[in-house]
Amino acid sequence: MANAGIAPLDGFRVAAGGQGTAGDYARLLLASLGAQVSPAGIFDHEHPALAWKRSGLMDLTGRAEGPPRMCPVPLAACADGVIATLAALAEGFDIGIPSGAALLGVRARHAGLRRNGAASPGGSCRLLRTADGELAINLARPDDWALVPAWLECDATTDWEQIATAIARASGTKLLERARLLGLAAAVSDVPTVEAPPWVRLSAVGTRLPAGGRDPAPLVVDLSSLWAGPLCGHLLHRLGARVVKVESHQREDGARNGPPAFFDLLNAGKASVRLDLATLAGRSQLRQLVARADIVIEASRPRAMRQLGICAEEVVAARPGVTWLSITGHGREEPQAGWIAFGDDAGVAAGLSRILHDTTGERLICADAIGDPLTGTHAALAAWASYLAGGGHLVALSLAGVLGHCVAFDLPASAEALRERNDEWTRVAGCAGACRSTYPAPAARARPIGADTQAVLAELDIRC
Amino acid sequence: MKTLKAGTRLKSAVCDTEVMVIRTRPAAMLLCCGGTEMIAMDGEKLGTVPDEAFAQGTLVGKRYVDEQDATELLCTKGGKGSLSIDGQALAVKQAKALPSSD
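So the sequences go chain by chain: Z and L.
Start counting the first sequence at 1; every next residue gets the next number (this note's numbering).
Start counting the second sequence at 1001; every next residue gets the next number (this note's numbering).
Don't take every hint at face value.
What the hints assert, rightly or not - Distance windows between CB atoms, simulated: (1) 448/Z x 1051/L: 42 to 50 angstroms; (2) 1086/L x 261/Z: 50 to 58 angstroms; (3) 1086/L x 450/Z: 25 to 33 angstroms.
In short, the hints are calculated from the structure, not lab data.
Note that the Cβ used here is the ideal one computed from N, Cα and C, for glycine as well.
Only chain L is shown next, with the shape it has when bound in the complex (with noise of 0.2 angstroms):
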């Protein structure tokens, strides 16, 4: 379990996914990747594979959301596990609309 902060990165322990944190809620919650905790981006990775039941996969540049809509992260590298806290599954956001100008 960690509490996380916006601007947070951070990488699967099971997998080649990277995610930076854009918001969350000031709570301690248990963000896994593949099933398992991610893990600073200095840590030392398990060498096993995704659960099969978060093996969804994640791609790069999609951003995801827990159920309440409270933590959303950005996925920086793809890879096979798929994002899940407190054991939920989180989903992929919808692309972000355009500018009228820029």
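Isolated chain Z, as found in the complex (with noise of 0.2 angstroms):
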């Protein structure tokens, strides 16, 4: 249920309390990670139903010109126990992230996002009818456009409206497998998995240095974009932790493209490095940076990172204490490691659709892009965790295994049984009025690209 066998936090102690469902799902965390759990520590009990009201994701599901809907599994809750996990395991000191809940719907906020029905609400994601089911496409980059004759064998597909109708005489199953050929992000809605996938796994591939005594501030270097990969390091340097931010000439984070003050809530604070990919001595300058590293968050596929000649798995093993956080779509695993996901495909593959056609009969995303949210905040937890227990571990995490952990933990057993807990939560929140959590705006701008490239390689004495 928790990982594949590694226990870091084995003989730690955490103070982790509180009642109700986030602090249980906090203490099922810590359990799999191996910690002993002491009662202590306190934060509120709060019904999951006011969570995702208070979350903002409840406005962020449903039919546009229908009624916001009820989520009857306890993702807001999940991502408050998350949270309150990592405070515990900061030990008194402040992290400054008030709601795990409220992390959920930011973005939305930020870029003014709204319910939309089968649509996500960044619109680049649509569940659609197939001959046999449904099928979640997303097409995030405006290249991915380009691949769409491709993967239907049809010319003349240029907009949602025809590619609805191409799909709606094609099988799932075969539409996923050529999207997956293709490097599209699909899932077919399938029903949510009973028994929970382990939510991270831990390998043991370098040297751990003795655990206690580390250094408060271990770099990390963030090789991630867009949301779940920046949002974990984001945490860790509320955890203390000093964050390179790296990108390249050739390809920077799409999210500097969206709305700024979201950029900045994920990135302030960090340093930006960007390096010239296409270069042997760009690459060298990555492979030296890696190097330097305690922490590396990296969200590609795996071959991505051999393509550039580094391996995860040799990073850890060359140097005592190293942790490597590797976020996928769907694991490292092949065939799974040639598949890409984005949040809200992610969530689709989970069950969500499903569990949501089962409580209103309509086909709908679920919030927004709550992949990569989830996956952030519990990518944080995996890293942290193993950076405290003396690192040398290869941590891997995936949407796909995040979501399902977290559907699962709370799933009722019978479809009758999720109907009559939607029913109820659907009354507590509305009984709550109007409710929403605030979350705080960016303490800063973040650094623009490559404001700090020459500082940071001169310090840590990289050389072309």
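Can you join these two chains into the complex? Each is in its own frame, and there are hints to help.
Printed below as a string of structure tokens:
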């Protein structure tokens, strides 16, 4: 249930109290990492339905012209539980993250997104009918549209209506297989798995340093983009780490072109380094930078790193105490290693759209890129636990695995029980009136791209 | 010589390379890998090795374009041969830009 064998916090006593769902989830996570949980610490018991409403995600789920929808599995409470766990590991140091639930809705708030039924609030993901079910396709990158004719073997597919028509005649399994070959993010809307998949896999591929007494400000090299990885880097920064965000001349973090306040929220306080990965010198600088890190955050397919001449296992093995955090869509094993996922389609893959269909009868995307913030928070917990324990780990999380874990954590045993819970939670949320957590504005602006390249390379003695 | 179509999958006759056609022009062309014409996915491989002039290799996930940027292939499985159309080697295309949101 927890992870593939290694319990990094074995021997640690962590004080984690709290009643209710979020507290239960926090204790489950800590136990899965091997920690002994002692009852202490206080956080308020909140009904999971209220957490959902307060997060802002209820307003983001449902048809545009219909009512906001409850999610009858406690995703927002899970997010609160992860943040409570991080706070417990910080041992009294205020990490300044007031609410995990509010973190889930923070992008939609900054971008002014609204619920839109079977389309994601961000607009790039649609849940469409196939000949034998429903399939989510996420055309997030502008260039993804160029792959649609090849995907559907039909030259004349240039808009959503034409895609919907073509898909309605095809089998979901075939469409999924071809989408994966093309590197498109797709998911068949399926029932959730009752057995929780592991939310993290730790492999001991290097040497562990003695736990305890580690530098309170480890060097984090963050190679990730968009939301999950940068959120993880942000949380590690809040825990005291020094974070260097790395982008390439070839590909900047796409979130730089999104709402500035959201980018600042995730990236303020990180140094910004830009490298030219088309050159041998740039790739050498990247390898040296990664070799200096205590924690590497990386959210790409394993083959992308291999093609840059970097092997995660070798980086961890090269120096004692290193943690490599890998975030993928569906896992690092073959064939899943080649599949991509974004936050919305990962939610469909985890069964959220099927749950919503069973309770509302509607075809809906659940919330806004739900896989991203849930994975980013879990990733920070796993990376910090590995670091505290002395490192030497490859720590692997996937959007699908984290969402599957959250969905299965408190899933009603039958469709009828799910509907009953949905009715009850909807009533609870309805009685509460308007409520919505605020999330603090970013403390500062993020650094312009590459603003710290020379300073960081010089300080870490990285040569061309 | 074959006229290709978006979505067609082909494999090399002389190495492990597999491709999918992303876009192309409606004309017959000689698409080769390792210097030998590519074959249907259920076709018989030759059992020979790539011609040395076309043996730089292909990488899975990379997209390859011809000089006119009219035909684009996605490599779905890498191999030892390299791709060419009518004798002209194909070049690797730049990685996809990231979205501002997903």
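Violated hints - listed by number, lowest first: As far as the earlier hints go, only 3 is violated by this structure.
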